[in-house]
Amino acid sequence: KMYEETTAAVCGLPFQARCIVPELADTEHNRFLVGTLSLREENEIHSIAIEEISPGELDIVEDTVFVHKREVWNISPCPFDSSLFFTCYNEGTQYVAALWRKNENNTDLDQVLELESHRGSVKCVLWQPSAGTSETILSMDDTSLIHYDLNISSESGSQTQPKVKSKIDYKEGEQTTTAKWRPQPPYSEVIVSHGTNIKGWDLRSGKETFQINRAHQHGKIRALDFNSNKPNQFVSGGDDCNIKFWDIKKPSDPFAVLDSGHNHWVWGVEFNKYHDQLVLSSGSDSIVNLWRLEWEEAGKRGVRSQLLRRYDDHEHSVYRVAWGNNELNPYIFASLSFDG
Amino acid sequence: MSSSNSSLNGSVDGSPVLPSPSVDRDNKKRNLLAFYGLAPQQPSPGQPLPGPVAPPNPADLVSLDSVHFSLPNYLSELYTTTNLPNLLNTSSALSSEIAGLDSHLQTLIYSNYSSFLHATDTVRTMQSSLSLISDNISHLNNKIQEMSNLNDTIYTSLQKNKNEIVSKSEVVERMKKKLWLWDLPGRMKKCVDSEYYGECMRLWNKGRKVLKRYETVKSVQKILEECQKIVAELETLLWNRVINQKEEDKTSVDEINRNTEWFKIIVKLKQGNEEAEATLKKQFERIFGKRNLENWGDFCVRYERIFGENNREKTASELKKYQDEVLTEYYARIRDNLKTFIMSENDLLSGVDGNEGSNQEGESAADASKIKIREMFKRLEEGYVVDKTLTAKLARVYEDLDRVNKTTEVARVKISAMEFMSRIVYDLIDEIFRELVSYWKRSIEDIFWSPSDEANHNNNNNEGHMLRRSRMDEISKKNVYAVVNKVGNSFEKTLSQAFGYFFNTIDDTPLGEDENPYTSPILKTDKNNKAQSNVRALSFLNYSLVFNKLVVCTQASVLELNEYVCSFKDTIQWDGNEMKINDLMLLSKFLIIFASEKMSVIAGIVVKIKDESEIRDGIELNVVELNDRIKKTVFAVMETYTKAQGVLMGRIIEKRVEARQWSKLKKEPRKVGKSIVSFVEDFKEVSAVVTYMFLGIPKEFMFLDEGRKDSAGSDIGAGSEISSGRGNKSGALATTSTRGKPRAKFGVGGGVVDDFFNKKLVIFGRLSQLDPKTIMTNIWKIVVKTFYELIRMQTMNKYGLQQLQVESQYIMQTLRDKVVNESVFEKMLEELRSSAVGRCNEPESGLEMNVIQN
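Protein chains in written order, with the working numbering: chain A, 112 to 451; chain B, 20 to 873.
No lab work stands behind these hints, which were simulated from the structure alone.
Source: prediction; values computed, not measured.
Accuracy of the hints is not assured; some may be wrong.
[Unchecked claim] Computed cross-link-like contacts, DSSO-like style, restricted to lysine-lysine with a CA-CA straight-line distance of at most 30 Å:
id, chain 1, residue 1, chain 2, residue 2
1, A, Lys331, B, Lys248
2, B, Lys683, A, Lys282
3, B, Lys231, B, Lys287
4, B, Lys248, B, Lys181
5, B, Lys179, B, Lys208
6, B, Lys685, A, Lys180
7, B, Lys208, B, Lys181
8, B, Lys693, A, Lys331
9, A, Lys180, B, Lys686
10, B, Lys686, B, Lys674
11, A, Lys384, A, Lys341
12, A, Lys331, B, Lys674
13, B, Lys231, A, Lys180
14, A, Lys331, B, Lys225
15, B, Lys195, B, Lys225
16, A, Lys384, A, Lys361
17, B, Lys703, A, Lys331
18, B, Lys179, B, Lys228
19, B, Lys817, A, Lys180
20, B, Lys289, B, Lys300
21, B, Lys248, B, Lys283
22, A, Lys282, B, Lys179
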């Protein structure tokens, strides 16, 4: 379901779904990838394009469906090639990650490669967020982060396994849920949620850079996102219903906490890529919130927050929200509820 | 019959109207009516009978009682406007009416006739008796004449003797006077000896004139000299007595009166002697005036009586000075006493500071406050209704002022006194409330938090909690309700006493023990005195002012406390720690008690004065609103609690769900998992705790009236998460998009869709009311929500699904009665089951219902 302030376009999916992401490579359209979640049926990846057909009115101008056999738990679109994306899917007993290429001729997806270095379930795959066409990725499971160099040839057909650059073992039992690659050069830092803690990892040294213990009171941290405009800031959302804003330089306490928006676990928190005062959040209380942050003065950490809009239209848990990737119209976002 | 009728008619009119053969029926009727005084006006006999000069009103023609009634008209009207049944009805009604009138007429005529016969008989009898009486009277006349002659004879014979008697009695009178004069000196002497100086002077004044007249008679002269000597002696005696008088001598009213008499006599005796008079005046002022300033009015009256002159103006300033002294003293006392007015519950704090054993740091501040309040209690007990003598003294001052300067001055003084009092009470209210609020705050702190605990709290939650728990327990042991109630009662007592006293001192009328100052007679009885009325009006005003202040303070302190409690909510919430959650529960309990008890006390106070609409006007103590504010806080705290408890239980579930290998179960479930059994036990325990918390809470406190039900009530609706089963949608639906309309706008003509969305199950709704089951329902929703969110992240095989089915059935059976809303209960479980089915990788593998139930 897509919203833009008061008007929204709604798109129904045939199955339940958990993940929606913007197609990063396409900066001229608001295009989203959605993966469905059905254990027993054939799943789908939808590539949905949204346009503002008239001021204030959105419409779905394109909805291409690709068949993805297994249920999709996560999608990681390639930042420079819109036909490429990773999915993390339930392969039966394990969650594995594979790179897919959209087939332009039919609704099939061509599997480019499957990451085979993991022993446990793969939680997510991250592309290096640099502006260029770096084919460097990270994949994460409960025990380790693996850093690869991809070498994608343009031909179809199965690829060789990517070269593992480095591997970080957390040496800790806490379950991981999500991770985010810091979007500033030298692209060497990744933050990972370990239960209620957040840790920063240096990819070059393989060491911890910082640690926030009990960043959230209890449960898990289910969402992390970096502010792409302010190098050190990131946001986290967790099972204590709070959304917290952090500064890597001062990880001892958050510089802002939004504790009034959600009644259940916070599943998604996203900074707007272009206007970092806009933050979207969603949770299993079926609510999507649009926040605005106001930095009081440059250089200071004081922040005033304001709940711009509360969308309670969803019937079911909203596991992901996503800002559109259109540079010209960066105010469109999408939220996906479990019922599709 | 007609002849007797007409003859009666004639006798009433005085001028007989003979029945003429041509007289028509109307005429007879009119005469008859006239006789009975029923005719509107009597036609004079000489005039021609009034014919139908003016055309009668058509309504009159058909009206039965009208003079112009016309039968044809009536009938035609009846025939044209009425149907047959009505006609028959009218006919029978008329017949019976006619029959009734006939018989009535007969009765009247008969009774008239018999009266007439009676009257004729009576007149006949009277005529015969009259002749008898006239014989008797002439006989009587003769006798009286005889008596009169006899009387004349007697009078003439007596006249001579009478003159003699008169002259003799005159001599006797003169003789008597002389004899009295003779005895005068002796009697005067006797009076002086027995200190009846007034009587002595009376005798002297009486005898002096006679004696002076007959001064030339030797014997008389001697008497005169003797008398003068006695008077001179008396003069010296009194002079000495009066001049040597000491102030202390006079204590009783009798003595004062006697002294006044002495002064009066001596002043009379010294009349003309200015020097002596001045001395006496001075002496009188010395003795009476200065010492007894509070009896100034009395003094003035006596002064006037003795010296015959008005000295009011002269002494007014002195009086004023004295009065100020008294007032100042009085006020000082009142101020002191009012300060002790706080509360009189000595044992009140015994419940709070029962933790003698604990020596935690940081209690010193709380202790200080307790001690302070305790002192106040004590002072109040000792000091209340200070000093009746002072009050009486002041009352006398007013009374005297009344006599001296009349009511205006009294009113002025009273008003100033009253204003003074109001100011004191006004300030005092502040003080009382400051103390009360700080006391209440400390009570709350003692239970939930004290600054020094913070370190404790952070380092070791359990310890911090146990500390608070033990404090709460101690209070509970002594009955929290009783303690809070006592605080409330003392508060009420304080105020009513303060005002009772306030009124008591403003008005001279002492109040009865249980008397409402407001209905005090001084306010009610108007003696038609403008000044008094003004005093009353002003005291009203002052009372209103003070009351207003009280109201404002009450409100402010209630709100302050409310806010304070809220701050605890914020420090405690969301820790996810079981101990802290229990603290939240304690907090709500305290709040509920605070609100339900305290507010009723405040309400009680207000209600007492409520009848006095004049005071109530302009005062805005909205007890209901205040109560609502507190209720809202309670709701907020309870909601926090509900959430926290739900999350906490959710976490327990989380561990259990994640610990299980749902996809690797190898056999059909045989029994319910231990984890679920313990979840059920936990839930039951929480339910018991919540139920316990509401023990003794009045029912009416459990609801928050407006709006809340709407916002929370929708959980009755069917849950849609359930009905929208997965996998049923056809692929064709996939690309259907609803254009341009956000879901929020479906309300416009949505039809089925509308219904569908309206039935959304509100999982995180607010509490619709405060009762254990509603709270448990909300906790239930959060817990199960968490449960199925967790399940949705699992993948299970068919045994896993079956296990979950069995367990949800078990939960259903064991917890059903803990949750208020069964449809919510079941729907949440259903959602859990359908989530599980969705996460099962082996289709159609659920168990049959009957299998599960076994």
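Now the hints, each set against the structure:
1. Lys331/A with Lys248/B: Judged against 30 Å, a Cα distance of about 125 Å means the pair is violated.
2. Lys683/B with Lys282/A: Within the cut-off at roughly 26 Å; holds.
3. Lys231/B with Lys287/B: holds (19 Å)
4. Lys248/B with Lys181/B: violated (45 Å)
5. Lys179/B with Lys208/B: The given pair, whose Cα atoms are some 46 Å apart, is violated under the 30 Å limit.
6. Lys685/B with Lys180/A: holds (26 Å)
7. Lys208/B with Lys181/B: violated (42 Å)
8. Lys693/B with Lys331/A: Answer holds: Lys693/B to Lys331/A is near 24 Å, not above 30 Å.
9. Lys180/A with Lys686/B: holds (29 Å)
10. Lys686/B with Lys674/B: holds (22 Å)
11. Lys384/A with Lys341/A: Since the Cα atoms of Lys384/A and Lys341/A sit roughly 11 Å apart, the hinted pair holds (cutoff 30 Å).
12. Lys331/A with Lys674/B: holds (12 Å)
13. Lys231/B with Lys180/A: violated (154 Å)
14. Lys331/A with Lys225/B: This hinted pair is violated, its Cα atoms lying about 121 Å apart.
15. Lys195/B with Lys225/B: The given pair, whose Cα atoms are some 14 Å apart, holds under the 30 Å limit.
16. Lys384/A with Lys361/A: Holds. Lys384/A to Lys361/A sits at ~23 Å (cutoff 30 Å).
17. Lys703/B with Lys331/A: holds (27 Å)
18. Lys179/B with Lys228/B: Distance of about 36 Å is beyond 30 Å: violated.
19. Lys817/B with Lys180/A: holds (21 Å)
20. Lys289/B with Lys300/B: Status holds; Cα separation ~12 Å.
21. Lys248/B with Lys283/B: Holds, at roughly 20 Å.
22. Lys282/A with Lys179/B: Cα-Cα ~160 Å, so violated.
Hint compliance for this structure: hints 1, 4, 5, 7, 13, 14, 18 and 22 are broken, all remaining hints hold.
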